[in-house]
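With the hints as constraints, model all of the structure from the sequences given.
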Amino acid sequence: MLKNKKISKRAIGTLLNEWSQEFTIFVPLRERGVAVLSKWDGKDTSFTGWYRNTAQPAKANFFPPVEKMFSFQKDKEGYHIEPLSSDEHKQLIFGIRPCDARALTILDMTFKDLYEDPYYLPKRNNMVLIGLGCTNPYDSCFCTSLGINPGESTDVDLMLTDIGDQFLIEEITEVGKELIAKASQVEEATEADEAEAREVKKASYNKVTRKIDTEGIKEKLLSCFEDQDFWEKVSAKCISCGICTFLCPTCYCFDINDELVRKQGTRFRSWDSCAFPVYTKMPMENPRLEKWRRVRQKVCHKFEFYPMDFDIIACVGCGRCIRQCPVNWDITQTLNSLPTRV
Amino acid sequence: MKQEEGWEPKLLGFLCRWCSYAGADLAGISRKKYPANIKIIKVPCSGRVDPLFIIKALRLGFDGVLVSGCYPGDCHYQTGNYRAQRRIAITKKFLEYIGVEPQRIQASWVSASEGGKFTEVVSEVTKELKEVGPNQSFTDGR
Amino acid sequence: MEDREREQKLHHEAKTLLEQGQVDYIIGYETGSLKFTTTPLITKDEDDTDRLVVNPFIVNNLSVYLPEVRGKAGIVAKRCDSRSIVSLIQDNKIAREDIVIMGIPCPGLIDLKKVELLLGKDRDELDNITREGDKVMITVDGRERDFPTTEVLFDNCLGCEFPAPQEYDVLLGEPSLSITDKVASRARIKELEAVSQGKRWNFWREEFSRCIRCYACRNVCPACFCQRCFVEETEPLWLMPMPRWQDNLMFQLARNIHVAGRCTDCGECERVCPMNIPLRSLTRKMYELVDELFQYQAGMDKSAPPLLTAYEPTEAEDFIR
Amino acid sequence: MTVTDISQRERFLANGNVYLPHIVKIEKVVDETCDTRTFHFNFKDEKLRKEFTFQSGQFALCSIFGAGEAPFAISSSPTRRGHLECTVRQVGKLTNALHRLGIGAEIGFRGPYGNGFPMGFLQGKNLAFVAGGIGLSPLRSLIWNVLDNRDNYEKIDIIYGARSPADLCFKYDLDTWSKDKGINMVTTVDKGDESWTGRVGFVPQVLEQAASSPSNAVAIVCGPPIMMRLTFPVLEKLGFTPEQMITTLEKRMKCGIGKCGRCNIGNIYVCRDGPVFTYAQIKSFVSSEY
Chain A
28 MLKNKKISKR AIGTLLNEWS QEFTIFVPLR ERGVAVLSKW DGKDTSFTGW YRNTAQPAKA
88 NFFPPVEKMF SFQKDKEGYH IEPLSSDEHK QLIFGIRPCD ARALTILDMT FKDLYEDPYY
148 LPKRNNMVLI GLGCTNPYDS CFCTSLGINP GESTDVDLML TDIGDQFLIE EITEVGKELI
208 AKASQVEEAT EADEAEAREV KKASYNKVTR KIDTEGIKEK LLSCFEDQDF WEKVSAKCIS
268 CGICTFLCPT CYCFDINDEL VRKQGTRFRS WDSCAFPVYT KMPMENPRLE KWRRVRQKVC
328 HKFEFYPMDF DIIACVGCGR CIRQCPVNWD ITQTLNSLPT RV
Chain B
38 MKQEEGWEPK LLGFLCRWCS YAGADLAGIS RKKYPANIKI IKVPCSGRVD PLFIIKALRL
98 GFDGVLVSGC YPGDCHYQTG NYRAQRRIAI TKKFLEYIGV EPQRIQASWV SASEGGKFTE
158 VVSEVTKELK EVGPNQSFTD GR
Chain C
885 MEDREREQKL HHEAKTLLEQ GQVDYIIGYE TGSLKFTTTP LITKDEDDTD RLVVNPFIVN
945 NLSVYLPEVR GKAGIVAKRC DSRSIVSLIQ DNKIAREDIV IMGIPCPGLI DLKKVELLLG
1005 KDRDELDNIT REGDKVMITV DGRERDFPTT EVLFDNCLGC EFPAPQEYDV LLGEPSLSIT
1065 DKVASRARIK ELEAVSQGKR WNFWREEFSR CIRCYACRNV CPACFCQRCF VEETEPLWLM
1125 PMPRWQDNLM FQLARNIHVA GRCTDCGECE RVCPMNIPLR SLTRKMYELV DELFQYQAGM
1185 DKSAPPLLTA YEPTEAEDFI R
Chain D
7 MTVTDISQRE RFLANGNVYL PHIVKIEKVV DETCDTRTFH FNFKDEKLRK EFTFQSGQFA
67 LCSIFGAGEA PFAISSSPTR RGHLECTVRQ VGKLTNALHR LGIGAEIGFR GPYGNGFPMG
127 FLQGKNLAFV AGGIGLSPLR SLIWNVLDNR DNYEKIDIIY GARSPADLCF KYDLDTWSKD
187 KGINMVTTVD KGDESWTGRV GFVPQVLEQA ASSPSNAVAI VCGPPIMMRL TFPVLEKLGF
247 TPEQMITTLE KRMKCGIGKC GRCNIGNIYV CRDGPVFTYA QIKSFVSSEY
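Protein chains in written order, with my numbering: chain A, 28 to 369; chain B, 38 to 179; chain C, 885 to 1205; chain D, 7 to 296.
Hints are computed from structural coordinates only; laboratory data are not their basis. By construction, the Cβ of each residue, glycine as well, lies at the ideal position given by its N, Cα and C atoms. Take every hint as true, because none was put in to throw you off.
The calculated SDA-like cross-link candidates involving lysine to any residue, where the alpha carbons are at most 25 Å apart (straight line), are:
1. Lys-209(A) to Ser-47(A)
2. Lys-245(A) to Thr-171(A)
3. Lys-50(D) to His-107(A)
4. Lys-130(B) to Leu-1076(C)
5. Lys-139(A) to Gly-22(D)
6. Lys-197(D) to Glu-312(A)
7. Lys-234(A) to Arg-1007(C)
8. Lys-290(A) to Gln-1130(C)
9. Lys-247(A) to Gly-272(D)
10. Lys-93(B) to Ile-1204(C)
11. Lys-928(C) to Phe-252(A)
12. Lys-1005(C) to Arg-57(A)
13. Lys-229(A) to Leu-1010(C)
14. Lys-95(A) to Asn-153(A)
15. Lys-260(A) to Lys-899(C)
16. Lys-76(B) to Ile-1204(C)
17. Lys-50(D) to Tyr-106(A)
18. Lys-290(A) to His-105(D)
19. Lys-130(B) to Glu-1199(C)
20. Lys-308(A) to Leu-255(D)
Going by beta-carbon spacing under 7 Å, a handful of chain B positions derived as facing chain C:
21. Ile-92
22. Tyr-119
23. Gln-122
24. Ile-127
25. Tyr-134
26. Ile-135
27. Ser-145
28. Phe-175
Facing chain C, according to a computed beta carbon distance under 8 Å, are these residues of chain A, among others:
29. Val-61
30. Arg-79
31. Tyr-165
32. Arg-350
33. Pro-353
Written as structure tokens, this is what we have:
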């Protein structure tokens, strides 16, 4: 029983063009040497040749670095608040990696918790995700340790696997099915294609060699939580910049600020980071003034607190924090060197 | 650059309280006329002017910034104006490289007795700024 | 001297310093967790000193850790780092007697971004990178290719005058001749200087629209040692703490002016930028301006007053009315 | 982590968006100390004015438009719904901006957020209120709430301290309470002045001397962190169990609804899971960064 489809790589342009009737399309593009998700220009599909992953995760499409929350004006009758009209236009991300797609599923938990977030969720609900399996993971990747197969994903609508000149297409959701039903260039996949895809997935899984041991990690972190010596040693070289958190696909902390220019006001929310001392600063004290406390917070939030709250580790092993770190601070080394209580 | 009819440059002046501010005061008392384009912030010394103030003023949409202090050797705090001189020189050159017209960053030495010089400086600077046109560096439409 | 020999000497020096209690900490480099990377090693433990390395990838300017380390420190320093140390001494952020400098004569470091661009491959896809004199050999897919050193060194290394550290207690190896390319070193600045003012502004505006305000450039910079940076001030609020190009650009302009005369052109800000913003085209220009206006180079003389606290009554003031 | 039922609060959302504030108007400003003021305010919206409810101990995010937003405990009692009150000490950009506002000024208000004091648990108990400085403000809401339903509670002790007589907040309330025969009221200052006739001493010491009985009692504590850290051991010494100690915590907050991240203590978000906690809960936190 063959259900999967396939499409020639050369037909990707046509496919995206068909979809662009309905969606704003985002694809990986290189801007000044940095791979980013950009609005598709209608032509460039070169990413199939060079694309490994984007420097910024896809979260920026749902939870941008800075976004307007609402605006406000003052007149004779007082203040008026104008909610911003949300952009209802449907969007489509082509080529999201399984790690980044899982990260969105993890982010959903926070943004749905208690009160639904009125900025993130509408964008999320309006977005179609076309996953593309990794064939060449980075040496910093450790997704397999977090239950992610770099070649597979159920967190997307369609999942593509690179099988040479073609992509094998798996329909994951109903939305994905409909998209494929309407696409003109899609063919039925053969048994050979399926076999090829299985090989590709297996190979890419095996290419991920960096590992962490997540078995009992929550408990291990709990037991060394108060071990100040350990955390001081681990955090010594950290320079407290925001790279690892800003580029992390599961980090969601934000700041809220007002700007008032000639009686026209706007409230913004923007990314914030637990690496910055001001993040927790209160007038009289700061619970995380010391660097080791902030590093501990970052590690524990992902591997201890998030699992306590939502029963899932808030890390997908994308390796950006290792790859982009100015001082090569490596979370996998930290996690693999947790002191075990004797 | 398109200029609106009747556009007048907005100039922000940081004046040392010991000299230039008094000079401006004197210009006022002696009913000397100078362009109303300048808004004045009194500072304890021209050395108090952090280049950040200058950048912030440009960010806020001022067309030019004037830092005015005591003549070399006359600083109330001995060396404040010398320090200001270095900072402003660097700021002016650096911002020029970034793409800000150098005329937007101005400096002068005006003593407490030079009401006349103050009016001249403000007039000249205003004239220069008129030639340069509005500062749209930080607006979205440049 | 070979890197291997230098390393052995370094291990010995570092271990002795700790053993004899001359320093409380050693700050150096150890092999990083990714290919062709090193990572700072900050340790009190004598046994750790065997992990210290010297190779063409010791990129970090370790002097950034000095103000935060409590006690005496033995630090591995290249020329640019040693100048940052001198600059920190000038600013009274650290005391000379609290530091033992293990100087590395540095013939320039390999810029992996340039290598990646040259080969169209990412760092982790390369098999080997070695350096011999004025050639760098890179092995990819089993094939070795030669490149002139000047093509793969960091831009700032290409502009580095002299390989030996400015200030040191121990020198690990003999300084060899530097391979420089002054023109290539400031090629991007020259390009900018050649275009109109408006174009230059638009260039920076575009570049800074990508900035995410991670502050890596600031935090990695030894010259940015303020306890509280102006971007964190709220009364008055100098700029919005969010990544909009106006605020990003303002932040970087003010930062550059604040570190004028302290920046030693170590190039760390540009290297760490995750958005590839050419920050050195700002810092290097400032470095040149300072030199041109005041004949001052940062971190050359530990007894000289810092640039912005000093003056010469005779200085040119032709721009002042 | 406590799962909070917010169904009652959703009707108070502006336009269904949890981040949008309602406009409220300042009706009265009371100077408490040289740097602390109580703002009385009410909704501009007629319907909200009538319908808005909250629990003692809950907080709200107040916007000073242009300056930003910050969380404040509601210091008035839900039993007295003529208006709402927040007591604010001038410590930073936002509170400075708020202090510049006077009667008639408009600010933003969204809430109520967090969990209030466990009123059911408190019923029929002896209550010991222990507060320091501006820490009285969330407790004041509860105190008036309790006094307005006096029959539901047994003995009431109030131990309140401040750095100096001039730093005592809510002097008008302190007067009323000290005259109330049903309340054992002790006011203390760290350092007195010529006119001060009351006690001198730190709150934990005074508490030890006052020695409330732990039997069928609950201690409700709020004050600066150092006071709280010293008060809990004293209460334990007096025989209070950690379950009998209730407090309300303060952290830097931006969202108020458990998303922006900064108010966490381990996996606990003060805004979402608090701000009211028993000392037993605090002791069970992963982190001691409270």
